[in-house]
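Peer 1: Here's the letter readout for the chains.
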Amino acid sequence: MHLDLSELSQLAPIFRELFKGFHVSRRDPELYAQLSNFQDQYRTLFKALGFELVCDTRGFYYFVPDMAAAQVNKTAQRLSLFTFILVEHLADQGRDPMAVLDGGSLGRDELPSLLDKYRDLFLQAEVQTVDELEEKILRRMTQLGFAHEEGGIYRFLPPMHRFLDVCLAVQQDRDLAATLHSDLPLPTPTLVEEESPEALNRTDDPLDLSPFEGEESEEQALARAIREEQQEIDA
Amino acid sequence: MQYNRPLFLGNEPKPMIEPKRVLRALAEHWALIEPLCERFDQGTLSLVELRHHVARQQVESTPQDITQLLDVWIRLDILVPVAKSPNRFELNAQIHDFLAYLRREHRLGLCLEIEAYLRHLERLAGHIQDAFDNRDSDDLARQLRLLDMRVRDVLKKLDNDEQALVAVAERAKTSNRQIPLRQRYAEVLATWDEYVEPMIQLVNADGAFEQGVRKVETVLLKLLGEQARLGHLVDDDMLLRTHARILEMQTSAQLTLRHARELLLPLREEARRHNAVTRGAALALSVIRRKGLDALPQAAMPLFTRPQSTFLGSASQVEAYVYALARFEPKPARFPKAHKPSSGALPRAPRTVKEMTDRCEQALPLPDLMVWLLEQEPEGATDELLYWFSRLSREKRFKRQRLDRRDYTTHEHRVSLRSFALTSSREDATTAPTDTNASPAHAS
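Residue numbers (the numbering used here), protein chains in the order written: chain G, 1 to 235; chain E, 1001 to 1444.
Each hint should be verified, as a subset may be incorrect.
To be verified - Derived lysine-lysine pairs resembling BS3-like cross-links, with alpha carbons at most 25 Å apart: (1) E:Lys1396 x G:Lys47; (2) G:Lys117 x G:Lys20; (3) G:Lys136 x G:Lys117; (4) E:Lys1157 x E:Lys1215; (5) E:Lys1354 x E:Lys1396; (6) E:Lys1291 x G:Lys117; (7) E:Lys1291 x E:Lys1354; (8) E:Lys1396 x G:Lys136; (9) G:Lys20 x G:Lys47.
As the list claims (entries may be wrong) - Covered stretches of chain G (chain E as the covering partner; in silico rule of three or more C-beta atoms under 8 Å from a C-beta of chain E): (10) 26-35; (11) 150-159; (12) 162-169.
Don't read these hints as lab results, they were simulated from the structure. In this text, a Cβ means the ideal position worked out from N, Cα and C, and glycines have one as well.
The whole structure should be built from the sequences, with the hints applied where relevant.
Peer 2: As structure tokens, this is what we get:
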């Protein structure tokens, strides 16, 4: 394919944002329009550079990182957990979770009650205060393009479908009910994570003697092997 | 008690109601009757409620006027008392249907009704055949007329149902978005299960609808042929007209079904997806509650690529990294003078990651990484040794196994840590396929 770089007028900002793990949606009209108009060109160029650009038909773009060079982080775990919690919380309240997460909004004033109700689960994501909830989850969501904050209202953007897809995958997995009693893991979307001091400390501090996150337990290795085998069969 | 009159006239012959008077009353009181229709769609009304409604519509009327008006409606059979509840009233079912037709309001019928009509059409086809075999032209004409009327009934019903389906979809789409989707789309889901799904079965190629139509069509076509051969009992046009109407009914049923699917399927899918998302979230939370957040798989976790510049390493590592860069200008090296013997050891180039990992790989298997590092770099600074310890133990080419905590003495410090035994991960990769065959039952 012939690439005319002069056409790709937003290449630098697009690459910068995608590389940081940002999801480009219609919320960023200039970048989104460029990506939609020159989708193939961008995809080819990024592929040549070793980046896989995903063009989701529901209206957003993002990079899938190269698995080999990637590092594990907690962000998607936290964001997935937050999505699960929010869906359940809204359903409990008799509100429509899809209407909220697919273009709807959540007020900052709703966060304290959410934290109170799911304190035990948030604790697992190292979130204990409303400030931490905003800092570690909602701010990360806005940084990654999943939500947009304005005047104390968080509006959810189309990339949230990645997390809704996780819910669907969980539900559609007929064996998942069985995993309540086994060690099979849940699927989580792969996010490109921008650097954060937390991640750096965790992975590269020479004096950090805590167990390595990349280390697999026997059970995890088995689960991974089964999953890989399943993928091969599916392929 | 005068309102209860029709109930107590049960055994007496009903007085003839003049259609013109009924129509005139409906036309004259349309402004009052139309809003009442909506109320009667929800259920019956007591006399007090009825009076209240009329009074609200006609503010200036006296109680006597209202009594008189209701009396007229009851006498004309527009309003009828509810069985066993003489003080509650409802619209006469026929009038109600007529008003619903006028107001373009359609109640969805039952798929079973259509099936019953179809069975009846099949029976009529049998009677037509019998009448022809008996050469009874009057009976044949009568049966054909009946068939034609029944087909019209089915057509009317299909049209009504289609309008009702549109209304179901519209209600679901326009209802309050704040109420849960399951409630919002309850009617859609029920309609799908109770009407669309049985209709799909009915209109299937081997369903009752197609079978019935085929049977009637065969009889009519056979009749046309036989009439040409044996002489005419009825006009051919009559047969052809009935045949055309049968085909129209068949097309109409297919169109109604297609329309119903187009209208309701997306809504049904949306509701199902919504349910699936809610269920999935609840399932995921229950897994996390039981097994913790780490039940989320390591392999599928969020990943990121990090540029080298953010590496945290010892001064030598940074230097080594920069050293490897093409444009790096090394510190001016002091070359030994030819005439002077060199004093002391030569400055050593910093070790690169590649060099260290290669060396480590060649030395595999390592029973203790830290011991090996101390052997390799006995003079190495502690931070540098720990850097290599951290770096090498994370190298993907190696497989690590945690050792017990113990003390290690570097050139400068004593360090307490849990070292690793390293082996090559490539060997594991070659044996991996046998591992993947392990049954999940042995996971624990």
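Peer 1: Confirm or reject each hint.
Peer 2: Hint check results:
For the proposed pair Lys1396 of chain E and Lys47 of chain G, the alpha carbon gap of about 24 Å is at most 25 Å, so the pair holds. For the proposed pair Lys117 of chain G and Lys20 of chain G, the alpha carbon gap of about 32 Å is over 25 Å, so the pair is violated. This hinted pair checks out: Lys136 of chain G and Lys117 of chain G have alpha carbons roughly 18 Å apart, not beyond 25 Å. Taken as a hint, the Lys1157 of chain E and Lys1215 of chain E pair is honoured in the structure, with Cα atoms around 21 Å apart against an allowance of 25 Å.
A hinted pair counts as satisfied when its Cα atoms are at most 25 Å apart, and Lys1354 of chain E with Lys1396 of chain E qualifies at roughly 13 Å. A threshold of 25 Å between alpha carbons decides the hint, and for Lys1291 of chain E with Lys117 of chain G the separation of about 19 Å falls inside it, so the pair holds. Pair hint Lys1291 of chain E plus Lys1354 of chain E does not hold up; C-alpha atoms about 39 Å apart against a cutoff of 25 Å. Between Lys1396 of chain E and Lys136 of chain G the CA atoms are separated by roughly 29 Å; this puts the pair beyond 25 Å, and the hint is violated.
Our distance criterion of 25 Å between C-alpha atoms is met by Lys20 of chain G and Lys47 of chain G, whose separation comes to about 17 Å. For a cut-off of 8 Å, the count of residues in the region 26-35 of chain G with a CB near a CB of chain E stands at 0, and the three-residue condition is violated. Counting residues of the region 150-159 of chain G whose beta carbon lies closer than 8 Å to any beta carbon of chain E gives 0, which falls short of the minimum of three for the stated coverage. Only residues whose C-beta sits within less than 8 Å of a C-beta in chain E count toward coverage, and the region 162-169 of chain G has 5 of them, enough to reach three; the restraint holds.
Hint compliance for this structure: hints 2, 7, 8, 10 and 11 are broken, all remaining hints hold.
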